[in-house]
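K.L.:
Take a look at the letters that make up each chain.
2 protein chains.
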Amino acid sequence: MEEIRVKAPATVANVVCGFDCLGFALNEPFDEMLVRKIDEPGVRIKHRDTFGLPEEPERNVAGLAALAILDAARADFGVEIEITKHIKPGSGIGSSSASACGAVVAINHLLGERFSKLELVGFAMEGEAFASGARHADNLAPCLFGGFTLVRTTDPLDIVELSFPKLWATVIHPQIEIRTSEARALLPQEVPLRAAIVQWANVGALVAGLAKADLGLIGRSLEDAIVEPVRKPLIPNFDEVKAACLDAGALGGGISGSGPSLFMLSASMETAVSVEKAMCTAFQKTGILFSTYVSEIAREGIRVAASRE
Amino acid sequence: MEEIRVKAPATVANVVCGFDCLGFALNEPFDEMLVRKIDEPGVRIKHRDTFGLPEEPERNVAGLAALAILDAARADFGVEIEITKHIKPGSGIGSSSASACGAVVAINHLLGERFSKLELVGFAMEGEAFASGARHADNLAPCLFGGFTLVRTTDPLDIVELSFPKLWATVIHPQIEIRTSEARALLPQEVPLRAAIVQWANVGALVAGLAKADLGLIGRSLEDAIVEPVRKPLIPNFDEVKAACLDAGALGGGISGSGPSLFMLSASMETAVSVEKAMCTAFQKTGILFSTYVSEIAREGIRVAASRE
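Protein sequence lines, in the order shown, are assigned to chains A and B.
Under my numbering, think of the first position of the first sequence as 1, with each following residue one higher.
Under my numbering, think of the first position of the second sequence as 1, with each following residue one higher.
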């Protein structure tokens, strides 16, 4: 019997101006997954958490991703996947991506590392498509590659690993639900060319700022003139929370994924912790429960915790 | 009497996906300018070329830029500027920017380097605004800073010097006139959000590709789904010329500025020369006269050719 334990990290996608292309990995929170070879073909899912996610493989993100890779490999074995989720589903920090990526990385290990990371993203997209209704990879890419990534296209899949300096993220997850369909319905079909130019100049400047470790430039580029204005009403006290974080020294930030989480980037852990305090104070006024995380941007994605031959 | 001679290079703006923000400097063609201190205040322009540009300072790009910097410096002297243009006005490779930048760099030298490069771009914009009817800096920035630049915003002015590998540009200048107003009228007011996302993912990927010296990524990112489709009908045989260049090994390229010049980037001088041949063959079919240039992307912008105290 062979098995492998992996830790699948939370990720932030839609990084401000980089809507639908930029994302990064966190060190925590992360999901824990134990994947075990079994003789019968197919996939069995067991959830060791209390989120009540479906365990039928065809209705489970990890299950669908697992089926995709096993099928592509024409594997002569099946897998049992025990999942202990710590990343709350629907939090906007890549919960479904963590499940999908954890499954495919673990199974690829059991297959003797047959597939490239890029191929693994392709398999994980099968699970992600079920969860979000769209074939996107902006959480999958940082979850699998680690660090700060740019998805240039998903068809064909083209993922760019960006150079970036040490940066810390502070995340606040308000305990409210935002339906992806609702967040999507708010997106305009068309945008003014002027606004689009501002956005792509900021994306270019942000990538350059990350590569040059120019913190000032990173901060100035973290502006979103297109998506944030239409989506921020979904998050109570958004403007106040953001202003408090910038006052506390954050470089910038915005909505994580399609919310409800909000993230801020800082140049040091000390600042990220001050930002967390400012966030809490500003958000407490809403009376809504929330949790917060402080994490360095993780250079590594899925981590193998242990494996047994 | 003090005087200074400068060489002001041609530049390519609107670099494919980087419409209105990305530009780079060429080694040639360049304008030659001789700027001489005179006792009387104000600016005198003399053109040593045959383009018939106006010599009244208030109607001359170099004159307006010169007046702006002299005024800001409260200079107690005036200047006489002799201009020998080699960059044809209206060619789409930054002819007016070269005049404006050459004037301000030369005068700044006579002022003892009082102003920063960023401030000089601000003065040069006074001339550029007269020539193009808009305050933009996408040719000015590479002309002054050299290399590959990104203008994040013009208000406030925020210019990013990008890292980039050795690259060669091949430029073809068809002898046709495209009025800036005509090229501008073709721009859509609104663009589909989907297309804008493709564009900003490409801008981010291009900046990353330049920083990583990843030639494959640079080539894949040189796609423009927004402006090229609407403007390319202004340039005869555009699609055939572009296809021939890609066949000859170019990484990619597109319309330079608002045309009529077209440029292609290559990873070596040998390829850039092959691209030039392919360009000529494909364009000759139009029966329109043209000239071509092959130049490495210049790390230096305005060059001081000689100065005399």
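Among these hints, one or two may not hold up.
[What the hints assert, rightly or not] Straight-line distance between alpha carbons at most 20 Å, and here's what the computed EDC-like set of lysine to aspartate or glutamate pairs gives:
(1) 88/A - 55/A
(2) 117/B - 214/A
(3) 212/B - 161/A
(4) 212/A - 161/B
(5) 212/A - 158/B
To be clear, the hints were calculated from the coordinates, so they are not data collected in a lab.
Everything numeric in this text was worked out from a predicted model, so none of it was measured.
K.L.:
So, for every hint listed, does it hold in this structure?
P.N.:
Status of the hints after comparison with the structure:
Of the pairs offered as hints, the one joining residue 88/A and residue 55/A holds, with about 16 Å between alpha carbons and a cut-off of 20 Å not exceeded. Restraint check: the Cα-Cα separation between residue 117/B and residue 214/A comes to about 19 Å, which is no more than 20 Å; the hinted pair holds. For a cut-off of 20 Å, the pair hint linking residue 212/B to residue 161/A stands: about 10 Å separates their Cα positions. With a C-alpha separation of about 10 Å, the suggested pair residue 212/A and residue 161/B falls inside the 20 Å cut-off, and the hint holds.
Of the pairs offered as hints, the one joining residue 212/A and residue 158/B holds, with about 15 Å between alpha carbons and a cut-off of 20 Å not exceeded.
Violated hints for the displayed structure: none, as all numbered hints are satisfied.
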